[in-house]
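There are 2 protein chains.
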Amino acid sequence: MNVSEIVADIRAKSEARGEPVESVYFIACGGSLAGIYAGKYLLERESVKLRVADYNAKQFVLTTPRAFNKNCIAVCCTLKGTPEVEEAIKLCNEVGAYTILICGDGNEDITEYADYIIRFKTVADVNTPMMETNISESLLLSFEILHQFEYYKFYEDAIQAFGFLENMAAKIRRYVNKGRAQEFAEMNKEEEVIYVMAGAPALGVGYAFSLCSLMEIQWIHSPFVNSAEYFHGSFETLDKNLSVLQLISDGRSREEDLRAESFLKRFGKKISILDAKELCIDEIKDTVKEYFNHVILDVALREYITQLAIVRKHPKEVRRYMWKMEY
Amino acid sequence: MNVSEIVADIRAKSEARGEPVESVYFIACGGSLAGIYAGKYLLERESVKLRVADYNAKQFVLTTPRAFNKNCIAVCCTLKGTPEVEEAIKLCNEVGAYTILICGDGNEDITEYADYIIRFKTVADVNTPMMETNISESLLLSFEILHQFEYYKFYEDAIQAFGFLENMAAKIRRYVNKGRAQEFAEMNKEEEVIYVMAGAPALGVGYAFSLCSLMEIQWIHSPFVNSAEYFHGSFETLDKNLSVLQLISDGRSREEDLRAESFLKRFGKKISILDAKELCIDEIKDTVKEYFNHVILDVALREYITQLAIVRKHPKEVRRYMWKMEY
Numbered sequence: 592m593n594v595s596e597i598v599a600d601i602r603a604k605s606e607a608r609g610e611p612v613e614s615v616y617f618i619a620c621g622g623s624l625a626g627i628y629a630g631k632y633l634l635e636r637e638s639v640k641l642r643v644a645d646y647n648a649k650q651f652v653l654t655t656p657r658a659f660n661k662n663c664i665a666v667c668c669t670l671k672g673t674p675e676v677e678e679a680i681k682l683c684n685e686v687g688a689y690t691i692l693i694c695g696d697g698n699e700d701i702t703e704y705a706d707y708i709i710r711f712k713t714v715a716d717v718n719t720p721m722m723e724t725n726i727s728e729s730l731l732l733s734f735e736i737l738h739q740f741e742y743y744k745f746y747e748d749a750i751q752a753f754g755f756l757e758n759m760a761a762k763i764r765r766y767v768n769k770g771r772a773q774e775f776a777e778m779n780k781e782e783e784v785i786y787v788m789a790g791a792p793a794l795g796v797g798y799a800f801s802l803c804s805l806m807e808i809q810w811i812h813s814p815f816v817n818s819a820e821y822f823h824g825s826f827e828t829l830d831k832n833l834s835v836l837q838l839i840s841d842g843r844s845r846e847e848d849l850r851a852e853s854f855l856k857r858f859g860k861k862i863s864i865l866d867a868k869e870l871c872i873d874e875i876k877d878t879v880k881e882y883f884n885h886v887i888l889d890v891a892l893r894e895y896i897t898q899l900a901i902v903r904k905h906p907k908e909v910r911r912y913m914w915k916m917e918y
Numbered sequence: 592m593n594v595s596e597i598v599a600d601i602r603a604k605s606e607a608r609g610e611p612v613e614s615v616y617f618i619a620c621g622g623s624l625a626g627i628y629a630g631k632y633l634l635e636r637e638s639v640k641l642r643v644a645d646y647n648a649k650q651f652v653l654t655t656p657r658a659f660n661k662n663c664i665a666v667c668c669t670l671k672g673t674p675e676v677e678e679a680i681k682l683c684n685e686v687g688a689y690t691i692l693i694c695g696d697g698n699e700d701i702t703e704y705a706d707y708i709i710r711f712k713t714v715a716d717v718n719t720p721m722m723e724t725n726i727s728e729s730l731l732l733s734f735e736i737l738h739q740f741e742y743y744k745f746y747e748d749a750i751q752a753f754g755f756l757e758n759m760a761a762k763i764r765r766y767v768n769k770g771r772a773q774e775f776a777e778m779n780k781e782e783e784v785i786y787v788m789a790g791a792p793a794l795g796v797g798y799a800f801s802l803c804s805l806m807e808i809q810w811i812h813s814p815f816v817n818s819a820e821y822f823h824g825s826f827e828t829l830d831k832n833l834s835v836l837q838l839i840s841d842g843r844s845r846e847e848d849l850r851a852e853s854f855l856k857r858f859g860k861k862i863s864i865l866d867a868k869e870l871c872i873d874e875i876k877d878t879v880k881e882y883f884n885h886v887i888l889d890v891a892l893r894e895y896i897t898q899l900a901i902v903r904k905h906p907k908e909v910r911r912y913m914w915k916m917e918y
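As they're listed, the protein sequences go chains A and B. Under this note's numbering, the first residue of the first sequence is numbered 592, with each subsequent residue one higher. Under this note's numbering, the first residue of the second sequence is numbered 592, with each subsequent residue one higher.
The set of hints was computed from the structure by calculation and includes no laboratory data. The beta carbon of each residue, even a glycine, is placed where N, CA and C say it ideally should be. Among the clues, some could well be false.
The calculated SDA-like cross-link candidates involving lysine to any residue, where the alpha carbons are at most 20 Å apart (straight line), are [what the hints assert, rightly or not]:
| no. | chain 1 | residue 1 | chain 2 | residue 2 |
| --- | --- | --- | --- | --- |
| 1 | A | LYS831 | B | MET913 |
| 2 | B | LYS915 | A | ASP830 |
| 3 | A | LYS640 | B | VAL639 |
| 4 | B | LYS640 | A | GLY687 |
| 5 | B | LYS661 | B | ARG608 |
| 6 | B | LYS860 | A | GLU783 |
| 7 | B | LYS831 | A | VAL784 |
| 8 | A | LYS904 | A | GLU781 |
| 9 | A | LYS661 | B | VAL639 |
| 10 | A | LYS780 | B | VAL784 |
| 11 | A | LYS744 | B | ARG657 |
| 12 | B | LYS831 | A | MET916 |
| 13 | A | LYS640 | B | ASN660 |
| 14 | B | LYS860 | B | ASP830 |
| 15 | A | LYS831 | B | VAL784 |
| 16 | B | LYS861 | A | GLU783 |
| 17 | A | LYS915 | B | ASP830 |
| 18 | B | LYS915 | A | GLY859 |
| 19 | A | LYS831 | B | MET916 |
Quick partial rundown of chain A residues pointing at chain B, CB under 8 Å, derived from the structure [to be verified]:
| no. | residue |
| --- | --- |
| 20 | GLU635 |
| 21 | CYS803 |
| 22 | ALA819 |
| 23 | THR828 |
Bound conformation, chain A alone (with noise of 0.2 Å):
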């Protein structure tokens, strides 16, 4: 079944019921559950029917909202079976939950609580083909479901964004491959602490860089910024000694992030903007596009921690305690 037949087959699963579909859960860990936020930030805002939240899948599991049953769709993601992942998609599977799994290939052991499987590869390789990330994935699956149980108007204008979503990615690999992503990877070269900072729609994108591009992947400390709260605490730290990294999303939440992006141009100095603007997010329509700032912004991130990686001297495969140790 593809994506769009897996939300009929719930639809129709729900109607027979004659019980509705209440919820929308995404249920993940660390990079899997940064990269499903962009099909939960689609539908927690334009839903009006469903409650939507995403939770580490151990939180759901110890601390399950008691709103939580058979009327819900829980999208797990995992590319690799994380043990957390399947205690929940296992707790989903027994209440009798509509389970969609985003995972990577094989993971039997936790397929086998899935109603449905959707296969994704990992964006930690750069050429990744744009509709296999969980990133378009859980967007695209959100689209159907938005439009499937509510009718979305601009579904068309997805739809034809995500057949844009290659062509684009190649441009902008080529464009940040340029000097961007060098000049990045130049001013970073010794830092140790490097700000991450994003607004509303890049929420997740910039969370996964800041935690497993810079933290777990290059050892850097790096404190999260969401750019509308900025002003009310983490500006304090910035002088022109602190290297910041700004993601700029083009849609309603731009003047936020740009009112962030002019602090940080007048007081600081190691300032990195990457601006979706620059990365022919023109290219599609703006009903739509803010809903795909996430998909275009990691294109570019891809590149700039393979960058990073090389200039630092440290590959991004090494880790010193994931895969190594129990723990």
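Keeping the supplied structure of chain A fixed, place chain B upon it in accordance with the hints.
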């Protein structure tokens, strides 16, 4: 009107209107958003009918969820009339939602948009009475909403717990000032980076300490870590030189905090642990104590930041940008 009467009034109005309350949105910025997380966490986990979410006020205004309508309760919070919160409550008022404003004294520009007003005092003062913080008030408000709209079987236990808070706070202050707070301050006298980690019920208080106390007040870089996310990224930065403050909660999510604690102790050296269990949380009934972690930990952390400011000779009132310029 007291908190219970406010909720009763909203319920009566919604019944008269024949339209049930659908959602509760918690809206604020920075430390206030962190504070009212206490109420959001309770309601989001325990309510079976209500859609519950929290938003930075500006993001709420710029990317208002389509589900927001007149059958929603908007809980807005600001100490001194934050402009973004003013914008948000104005919007909520125009839409016809039930607006509750938890705010500091005065604030006439903004109270005019509130259907109901609850006054609070800042936790920046260590002696602010326990029932006058936005943390306790948002929590009490959520217990009332939960009980009056859906019936909550542990309501009496919760109300009893609020009655204990002032005595508990006095004990907690004495306890941490007999060495724990000073120890934390001494260990972090020269640190430029301090991680703050917390689990599900303490994400608000952890975020507040990281954002407001460390970054805003002390200009210390502070990555904030959800303990259930720790092994999915940021644990890779841990070594014997890294300072980490971990908040351990009591309740259902404790297991995940303890897992992180054990790793921190195994590979770290500058680890400060603050456990709700050493802060007399056991005086509160098991049925509801999970929801009081935030309240309890906050009392101790007010002393921690006070001591840290003394040891670092960086008074709590010093700012370089905030209140000093337009931005």
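Hints, one by one, checked against the model:
1. Of the supplied pair hints, the one linking LYS831(A) and MET913(B) holds, its CA atoms being roughly 17 Å apart against a limit of 20 Å.
2. With a C-alpha separation of about 16 Å, the suggested pair LYS915(B) and ASP830(A) falls inside the 20 Å cut-off, and the hint holds.
3. A C-alpha spacing of about 14 Å is found between LYS640(A) and VAL639(B), which places the hinted pair at or below 20 Å, so the restraint holds.
4. Taking the CA atoms of LYS640(B) and GLY687(A), the gap is about 19 Å. The hint holds against a cut of 20 Å.
5. Our distance criterion of 20 Å between C-alpha atoms is met by LYS661(B) and ARG608(B), whose separation comes to about 11 Å.
6. For the suggested pair LYS860(B) and GLU783(A), the alpha carbons sit about 19 Å apart, so the restraint of at most 20 Å is met.
7. This hinted pair checks out: LYS831(B) and VAL784(A) have alpha carbons roughly 17 Å apart, not beyond 20 Å.
8. About 11 Å separates the Cα atoms of LYS904(A) and GLU781(A), which keeps this hinted pair within 20 Å; it holds.
9. Distance restraint check for LYS661(A) and VAL639(B): the Cα-Cα separation of roughly 13 Å lies within the 20 Å cut-off, and the hinted pair is therefore satisfied.
10. For the suggested pair LYS780(A) and VAL784(B), the alpha carbons sit about 19 Å apart, so the restraint of at most 20 Å is met.
11. Using a Cα cut-off of 20 Å, the hinted pair LYS744(A) and ARG657(B) holds, with the two alpha carbons roughly 13 Å apart.
12. Pair hint LYS831(B) plus MET916(A) holds up; C-alpha atoms about 18 Å apart against a cutoff of 20 Å.
13. Between LYS640(A) and ASN660(B) the alpha-carbon distance is near 12 Å, which keeps this suggested pair within the 20 Å criterion.
14. Between LYS860(B) and ASP830(B) the CA atoms are separated by roughly 8 Å; this keeps the pair inside 20 Å, and the hint holds.
15. Of the supplied pair hints, the one linking LYS831(A) and VAL784(B) holds, its CA atoms being roughly 17 Å apart against a limit of 20 Å.
16. Using a Cα cut-off of 20 Å, the hinted pair LYS861(B) and GLU783(A) holds, with the two alpha carbons roughly 18 Å apart.
17. The hinted pair formed by LYS915(A) and ASP830(B) meets the criterion: a straight-line CA distance of about 16 Å does not exceed 20 Å.
18. Distance restraint check for LYS915(B) and GLY859(A): the Cα-Cα separation of roughly 17 Å lies within the 20 Å cut-off, and the hinted pair is therefore satisfied.
19. Distance restraint check for LYS831(A) and MET916(B): the Cα-Cα separation of roughly 18 Å lies within the 20 Å cut-off, and the hinted pair is therefore satisfied.
20. This hint holds: GLU635(A) has a C-beta 6 Å from the nearest C-beta of chain B, less than the 8 Å allowed.
21. Interface hint status for CYS803(A): upheld, as the beta-carbon distance to the closest one in chain B is roughly 5 Å, under 8 Å.
22. Annotation: ALA819(A) was flagged as interfacial toward chain B, and the flag holds, the nearest CB pair being 4 Å apart, inside 8 Å.
23. Evaluation of the THR828(A) hint against chain B yields a held restraint, the C-beta minimum of about 5 Å falling below 8 Å.
Checked against the numbered hints listed earlier, the structure breaks none of them; every hint is satisfied.
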